[in-house]
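Novice: Letter by letter, the chains look like this.
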Amino acid sequence: MKTRTEDNTLFITDFTELNTTNAMWLQDLVRQSLVQAHKIIELDLSKVRFLDSNGISALISIHKTMCKRGGKIRLFGPTPAVSQILQLLSLNEVFEIINP
Amino acid sequence: MTDVVTPHTNQIGAQFLSLDFKCDLRESREVSRCMRQFLAAVPLPEDDLHAWELMVTEAANNAAEYATEMGRQLPNRLEVFCREREIEVRLTDHTTGFDMPAQAELPSIDSEKGRGLFLIQSLADEVEYLRGRAENCMVIRKKRPAPAAGAPAGTTPAVDVGSRFIGDEQTLQAMTEELASCYENLSAIFRFSSALNQPQPTEEFAATWMLELLAIVEADWYVLRLADPGGKELRLSASSLPGNLDFALSLSADASATISVELRAARSRQDVWFDASAPLMLGDPLSHLVRHSNGLAHPIFAEGVLVGVLTVGRLSTDAPFKAGQVNVIQTFADFLGIQISNARFRAEHLQAQLMARELQIASNLQRSLLPEKLPQMPGFGVAGYYHSARQVGGDFYDAIAVDGQGLLLVIADVMGKGVPAAMFATIFRSHLHARLDLVKRPGEFLTWLNRSLFSDLDRMEMFITAQLVYVDPATRRFQVAGAGHCPLLMTSPGGSPIEVGNTGFPLGIMLDTRYSEEVRDLSADARLLLFTDGVTDTENAGDEMLGTEGLKQNLQLIVNRRCNAAQTVQEMAIMLQTFQGKEPATDDQAFLALASE
Numbered sequence: 001m002k003t004r005t006e007d008n009t010l011f012i013t014d015f016t017e018l019n020t021t022n023a024m025w026l027q028d029l030v031r032q033s034l035v036q037a038h039k040i041i042e043l044d045l046s047k048v049r050f051l052d053s054n055g056i057s058a059l060i061s062i063h064k065t066m067c068k069r070g071g072k073i074r075l076f077g078p079t080p081a082v083s084q085i086l087q088l089l090s091l092n093e094v095f096e097i098i099n100p
Numbered sequence: 001m002t003d004v005v006t007p008h009t010n011q012i013g014a015q016f017l018s019l020d021f022k023c024d025l026r027e028s029r030e031v032s033r034c035m036r037q038f039l040a041a042v043p044l045p046e047d048d049l050h051a052w053e054l055m056v057t058e059a060a061n062n063a064a065e066y067a068t069e070m071g072r073q074l075p076n077r078l079e080v081f082c083r084e085r086e087i088e089v090r091l092t093d094h095t096t097g098f099d100m101p102a103q104a105e106l107p108s109i110d111s112e113k114g115r116g117l118f119l120i121q122s123l124a125d126e127v128e129y130l131r132g133r134a135e136n137c138m139v140i141r142k143k144r145p146a147p148a149a150g151a152p153a154g155t156t157p158a159v160d161v162g163s164r165f166i167g168d169e170q171t172l173q174a175m176t177e178e179l180a181s182c183y184e185n186l187s188a189i190f191r192f193s194s195a196l197n198q199p200q201p202t203e204e205f206a207a208t209w210m211l212e213l214l215a216i217v218e219a220d221w222y223v224l225r226l227a228d229p230g231g232k233e234l235r236l237s238a239s240s241l242p243g244n245l246d247f248a249l250s251l252s253a254d255a256s257a258t259i260s261v262e263l264r265a266a267r268s269r270q271d272v273w274f275d276a277s278a279p280l281m282l283g284d285p286l287s288h289l290v291r292h293s294n295g296l297a298h299p300i301f302a303e304g305v306l307v308g309v310l311t312v313g314r315l316s317t318d319a320p321f322k323a324g325q326v327n328v329i330q331t332f333a334d335f336l337g338i339q340i341s342n343a344r345f346r347a348e349h350l351q352a353q354l355m356a357r358e359l360q361i362a363s364n365l366q367r368s369l370l371p372e373k374l375p376q377m378p379g380f381g382v383a384g385y386y387h388s389a390r391q392v393g394g395d396f397y398d399a400i401a402v403d404g405q406g407l408l409l410v411i412a413d414v415m416g417k418g419v420p421a422a423m424f425a426t427i428f429r430s431h432l433h434a435r436l437d438l439v440k441r442p443g444e445f446l447t448w449l450n451r452s453l454f455s456d457l458d459r460m461e462m463f464i465t466a467q468l469v470y471v472d473p474a475t476r477r478f479q480v481a482g483a484g485h486c487p488l489l490m491t492s493p494g495g496s497p498i499e500v501g502n503t504g505f506p507l508g509i510m511l512d513t514r515y516s517e518e519v520r521d522l523s524a525d526a527r528l529l530l531f532t533d534g535v536t537d538t539e540n541a542g543d544e545m546l547g548t549e550g551l552k553q554n555l556q557l558i559v560n561r562r563c564n565a566a567q568t569v570q571e572m573a574i575m576l577q578t579f580q581g582k583e584p585a586t587d588d589q590a591f592l593a594l595a596s597e
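Protein chains in written order, with my numbering: chain W, 1 to 100; chain Y, 1 to 597.
Incorrect hints may appear among the rest.
As the list claims (entries may be wrong) - Simulated crosslink set (EDC-like; lysine to aspartate or glutamate; CA at most 20 Å straight-line):
# : chain 1 : residue 1 : chain 2 : residue 2
1 : W       : K72       : Y       : D110
2 : Y       : K373      : W       : D28
3 : Y       : K113      : W       : D44
4 : W       : K72       : W       : D44
5 : W       : K64       : Y       : D47
6 : W       : K47       : Y       : D47
7 : W       : K64       : Y       : D110
8 : Y       : K113      : W       : E93
To be verified - Label-pair restraints from in silico Cβ distances:
#  : chain 1 : residue 1 : chain 2 : residue 2 : range
9  : W       : S46       : Y       : S108      : 26 to 36 Å
10 : W       : M24       : Y       : G230      : 26 to 36 Å
11 : W       : T13       : Y       : A278      : 29 to 39 Å
What the hints assert, rightly or not - Derived, one-sided and incomplete: chain Y residues facing chain W with beta-carbon distance under 7 Å:
#  : residue
12 : R26
13 : R29
14 : G116
15 : S122
16 : M460
Keep in mind that the hints were calculated from the coordinates and are not lab data.
Model, not experiment: these values are computed from the prediction.
Every residue gets a Cβ at the ideal spot worked out from N, C-alpha and C, and that includes glycine.
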């Protein structure tokens, strides 16, 4: 996973799964990288082919953190597999989703 | 995540996969990847591969996350069966298990937990969770997509399957065992189901099928106890144990309920397990016979009502039943519950039919006793009324013309209901008609009737109340004698009803009773009303009885309108029906009216 900041947005990129094993890493990474100026976290899901319920939990946890700061989470280019899961769990309306 | 899965056994063929893996979240993900590779070779389309990968990850994560301390030391097992039309995956865990909801609910948006089972149920066609003592098994099934037209089928036909497995004896053996086990279970259950409709005695049925069950689940013994219909105790129905268990276990709350494993299962309405860690208690009746056993006591319910308890065990403490075997035991027990419940229902239904038939017979008897047409005398009219309560009783009335001159009025009530009461009413009637020479002396007639009927009535502990009235039109007098019966009412238009006739003992109480008679004059427009206590005992919606006073008032109102006998009876019947409203009559109602005309 890699992070970069542009304006008020923290970008997290370069990962192919969000599952039980790396969900905790993602949350740690956000905790370490997040600064006051960040209002948006954008996760690049364009290469993610597997998302399980623990990965979802991590997304919800980050979403709640950002809401408390008056910010938000944005999901960029989810693959069909990931889109299906978000839809199944009725989360496609909770997160801002960008389909390029 | 680069660790390679470390299965203890790893059998991969095109149709069957079995993997044992460590109870660990990381391995859970690896095992789902491994399964994906296997399924990709079947082959399956990407959507299905992704669904299976996610379902197995979720199931394996739960198995790792909720494993018991001892369970963590044991490997979890994944088995994949590729069938022609569906894929079945079984994941065996060592958690304490959970109650599988029919459809898991989606947690609130904010919740960070509780989506795993929802995902599995949403993506699968069928999900079962079989619970055992030491292990549980989640069974997930999903249909395979139909092959595109013209394309070769995804699964090779059975002949090819065999050829592809030559050389992998282990896989073939595992498949054979699996198939044999499925076949045994299925065929036994089919035989069991077809036997459900056979009119066999339940006990014999249970004993036969429990022996089949022992063989299928590799158990050593069983005890089946059934709850009595009142649900007060568990009684032995069948057992494979040699010792004496033929005594009842009380289901009432007392200390023994916490000792007996069978009672604990019945009281808690849950399976109760016993093994080395939770052995049968010393006071448990089973502990004398199978102290060192492991197994379970399973309560059997039919429509929520406890039907019995089935206890099944093995004579060792270190070979617990597998989740699949526990499922077979539970399924058999539940089938049995339905069978027992049906048998009881049939018995009750038969009893109800017999009772209905008995009432029909009694009702027919009752009707046959009542005179079709009452004799009339010059200057007098006679009319009768009879209304049967829900249960037929023994009310009876008659009017007999004597020598073309006098008239004997009879009213009687046999104590009791149903066929016995109707039978005695018949006997009473035949006795009555046997001694018409006594009609002019009703007291003597009752004395004779009492003597004649006493032994039969006494033996049956029944009695009859009766009233005989002989009316002589020539003298315009009547003689009345009563045996425990309510006095008749006499009145005339503008008058006031008076009670006539003494009561005395009913027939069948004292052998030597002598009945006296009373003689009264009949005025030019006199009315007599003979009735049974069902008339005065009639209740309205407010549970108030009509009573003798109520009857007198209503009778007088009718008589004041100068009704003849038939009209009086008709008006009285309407009055009774109006009074009781929709309340069902609890006793027969009968009355007989005589009017000077």
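Novice: When the structure is checked against the list of hints, which entries are broken? Sort them ascending.
Specialist: Violated hints (numbers, rising): 2, 3, 5, 10, 11, 16; every other hint is consistent with the structure.
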